[in-house]
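S.K.: Put together the whole structure using the sequences plus the hints.
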Amino acid sequence: MSFTGYRLYRGRGGPSSIDWTAPVASVPAGQGAVELAAAGHEPGATYTYALRPVLDGVESPDFACLAELSLDAAGQWPGPRPAPVTALAAVPRGSTVEVAWHWRAAAGTAAAERFAVFVGPGPRVATDSPAAVVTAEGDGDYSAEVVPAAATAYVAVRAETGPAASCLVTVGPVVLGPPPAMPAPLVDVTR
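Straight run, no breaks: the sequence shown in the numbering used here ends on number 1314.
Each hint can be trusted.
The following label-pair restraints were derived from C-beta to C-beta distances: (1) 1251 <-> 1192: 18 to 24 Å; (2) 1250 <-> 1223: 16 to 22 Å; (3) 1179 <-> 1251: 49 to 55 Å; (4) 1212 <-> 1247: 18 to 24 Å; (5) 1299 <-> 1159: 44 to 50 Å; (6) 1155 <-> 1250: 32 to 38 Å; (7) 1127 <-> 1200: 26 to 32 Å.
In case anyone wonders, no lab produced these hints; they're calculated from the structure.
Positions of the beta carbon are idealized from the N, C-alpha and C atoms, including for glycine.
M.R.: Next comes the structure, spelled out in structure tokens:
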């Protein structure tokens, strides 16, 4: 089979929003760029684009590339976003939660200036007001201590630089309070 090009798909939002029934462009092998201005982009929106390779006219179900485009309120691209945090962990410490993560600059991403830490009662953590802000000092490990409003919390962290932010990485649930009691030992009474 020979490589004949790509089909480009798009969705408004994350990868699950991609419309796989209607490619926005077909890209022949050897073509280096695709103009997407005519595809229409709304200010303040985020779009996910995906390329699928085509071999002898048959499209592969695999991704060749997945990219996200976020526009500011004026409809402009704010520039490269920082890479998302990795190795996010949250541990209850009495009435607080210790949050730890790792961040490393990746090729094509912006350097992080700060990390915003958010806390909420469910997996969809609101990002209007961070519970903590940590200054970035390059690649490495970071941590923060936050105080959740409820006994069960979810914690999210994103890297930020200027107006751009990485995707939000969430972990949870974190349950505060004393550890659960050990279950009573079971005894086999069938003999």
